[in-house]
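Participant: Please dock the two separately framed chains into a single complex, following the hints provided.
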Amino acid sequence: MIELHHVTKEYGKRKSLDNVTFTFEKGKVYGILGPNGSGKSTMMKIMAGLVYPSKGDVTIAGKKADRKTASNLAFLASEGMLYPGFKIEQMIHYYHSQYSDFSIEKAEELLTFMELDRHQKVSQLSKGQQGRLKLLLVLSRQTDVLLLDEPFIGLDPMVRDTIVQGLVSFIDFGEQTVIIATHEITEIEPILEDAIILESGRITAHCNVEQIREEQGLSILEWLKSNFKKGELV
Amino acid sequence: MMSAQFKTSKPIYSQIADKIVQQFVRGELIPGEKLPSVREMAIQAGVNPNTIQRTYGELERLGVVETKRGQGTFMTEEIDMKRKLRSDIQREIIALFIENMRSIGLEDREIHESVQSFLNGGESGHD
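Chains A and B, in that order, give the protein sequences.
Following our numbering, the numbering of the first sequence begins with 809 at its first residue and continues without gaps.
Following our numbering, the numbering of the second sequence begins with 1085 at its first residue and continues without gaps.
Some clues are possibly wrong.
As a list, the in silico EDC-like pairs of lysine to aspartate or glutamate whose alpha-carbon atoms are at most 20 Å apart [stated by the list, open to error]:
no. : chain 1 : residue 1 : chain 2 : residue 2
1   : B       : Lys1091   : A       : Glu1001
2   : B       : Lys1166   : B       : Glu1150
3   : A       : Lys853    : A       : Asp826
4   : B       : Lys1094   : A       : Asp1002
5   : A       : Lys853    : A       : Glu1007
6   : B       : Lys1094   : A       : Glu1022
7   : A       : Lys876    : A       : Asp865
8   : A       : Lys935    : A       : Glu923
9   : A       : Lys836    : B       : Glu1124
10  : B       : Lys1091   : A       : Glu992
11  : A       : Lys914    : B       : Glu1124
12  : B       : Lys1091   : A       : Asp1002
Because the hints were derived from the structure by calculation, they are not lab data.
If we strip away everything but chain B, and leave its shape as in the complex, we get (with noise of 0.2 Å):
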């Protein structure tokens, strides 16, 4: 994770958040599992430390993760967390998903359809 895959439209520290978070969702971050310190993952990402610290900051303000003191930070054991984030993420990915299929002029209805038949394994497109 350096400096150009960061993105412009959003602050460093929550794309490394949201980097986390989709980590824990996919399993491959699990529940208790201990994060690197603040330096370690600064230098695994090339950014400032205070970046990071601010990505721990919101994530331990989210309940993703808990800080201990004099131990480091470890992500949530809370059982309902993955669960929320999981569908967090669905939503804006939905959301995204809607408002551009919209955005080339596709009625709901349509956009319904076109996702039915993909999953059914036919043509996607719609015209």
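Bound conformation, chain A alone (with noise of 0.2 Å):
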């Protein structure tokens, strides 16, 4: 269970999270959705305990949000996780010797699933096996929480549905509390139990996502384009 109270977080002048009270439930796979800016990077961070917040907390299965819950926790950010002087065999090693809770043999299966060379640098790889490469390092470790920003970033919809199948087959339902950042909904949602819409620092709406199929016959997209005022989605 992550809980956040009355969290703010602000850069200078701009709050980029402006009291935010919420509770994620354990084993459930929740979407953040809103537009770029709207802080959905920064609650990623926060809950990974790489930032703090200005005001109010964040806890974990009840303790503080920092870098020792970080270690029971997995997190595809959206910059800065592979070295490109690696190759992907090095980047898994790498891995390997950080976490103790990364599985070498889930990494393999990983690799055939992902259709990623062991052999092939980083820096050679398309933009597709880099998005390919980082799920199959956080979705190698075996952590209670496991947060994705952006997973679905400047991927085609092939490699799209691979990521998203990638994710069915190796997330531990009911076990993991699973958060997705991101603003291209429509490959994730029939993953998603939850959503949320994060617009400009706060929680404006929250819904299950099968109940709103059902009560008002939406999806999740034409639900958050609902949520919006007129032309502030992108």
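Facilitator: Following this line, the structure appears as structure tokens:
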């Protein structure tokens, strides 16, 4: 369980998160939706213990989020995860050396699944291959929390489907709490249970995905649009 | 059956249930056949396993599938089920068809004639 309690994050005068209170329940899959600049990445970094809130607090399983709680959490960051000079297998060994919960077996399975060549250098990978490698690195860990910040960015639709199937195959549903921040919703929707809309640093809506279809006949994308003022969403 | 193939008007779990029922009625799934595990089905469909859990739960409630403890989920062997499902689907298709025909202003008599002539291999249109 991850709890955000009146969390505000200020960068200078700008509030990236504005008094956010929310509880992510254990074992569920959440989507954090919203346009660029709505505070999604800040929220992810705060939960990952990489950034501290200006006000309020964040707890993971009752403990304040910091570098220690981060050891039980896998974070797919939108940038800065890969070392260009490394080969894929070196990246895997590096992660294995850094995280005791990193499973080499799972990494091997994922190499096959993601169709990656262990001898290729990171600097030679396409965007799609980089995206798959990042996912491999986080899904090979056995953590209670999995945070994915824009896992689809720059990826073409074919690769996105592979990634969605990778997620379904390798997430430990019911045990892992998974939070996916994205503005590309269509592919990810069938694996989400709940969705949250973040708008200018505030949570403006929260729903259960199947319930929205059942009661309003809307996909999450349509629901998202109906919750935004016209023209605000890219 | 990936994400893009789901309609927005219905929950995903019931769309997958519909698909299984259709496959059963068409004979692509046979009575007593074992369905993929929840996990396998979730991977095939690219959806959350909870969704499949709900699909199987709903189908079990309707008597379409049977879950045997420790063995998995199987299509029912109930003899009348296939016939019943076929007539359910038939009714749904007809209801939708009639609704569409009426919405373009046809009288029941005209709908009747139009279907008749279509089946006879003649012109399907009616003006």
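Participant: For every hint, state whether the structure bears it out.
Facilitator: Hint by hint, here is what the structure shows:
Pair hint lysine 1091 of chain B plus glutamate 1001 of chain A holds up; C-alpha atoms about 17 Å apart against a cutoff of 20 Å. A C-alpha spacing of about 14 Å is found between lysine 1166 of chain B and glutamate 1150 of chain B, which places the hinted pair at or below 20 Å, so the restraint holds. Pair hint lysine 853 of chain A plus aspartate 826 of chain A holds up; C-alpha atoms about 15 Å apart against a cutoff of 20 Å. For a cut-off of 20 Å, the pair hint linking lysine 1094 of chain B to aspartate 1002 of chain A stands: about 16 Å separates their Cα positions.
Taken as a hint, the lysine 853 of chain A and glutamate 1007 of chain A pair is honoured in the structure, with Cα atoms around 17 Å apart against an allowance of 20 Å. Restraint check for lysine 1094 of chain B and glutamate 1022 of chain A: the C-alpha separation of about 6 Å stays at or below 20 Å, so the hint holds. Using a Cα cut-off of 20 Å, the hinted pair lysine 876 of chain A and aspartate 865 of chain A holds, with the two alpha carbons roughly 15 Å apart. For the given pair, lysine 935 of chain A sits about 14 Å from glutamate 923 of chain A by alpha-carbon distance, which is consistent with the 20 Å threshold.
With a C-alpha separation of about 19 Å, the suggested pair lysine 836 of chain A and glutamate 1124 of chain B falls inside the 20 Å cut-off, and the hint holds. Between lysine 1091 of chain B and glutamate 992 of chain A the CA atoms are separated by roughly 17 Å; this keeps the pair inside 20 Å, and the hint holds. This hinted pair checks out: lysine 914 of chain A and glutamate 1124 of chain B have alpha carbons roughly 17 Å apart, not beyond 20 Å. The straight-line distance between the Cα atoms of lysine 1091 of chain B and aspartate 1002 of chain A is roughly 18 Å, inside the 20 Å bound, and the hint therefore holds.
In terms of the numbered hints stated before, the structure departs from none.
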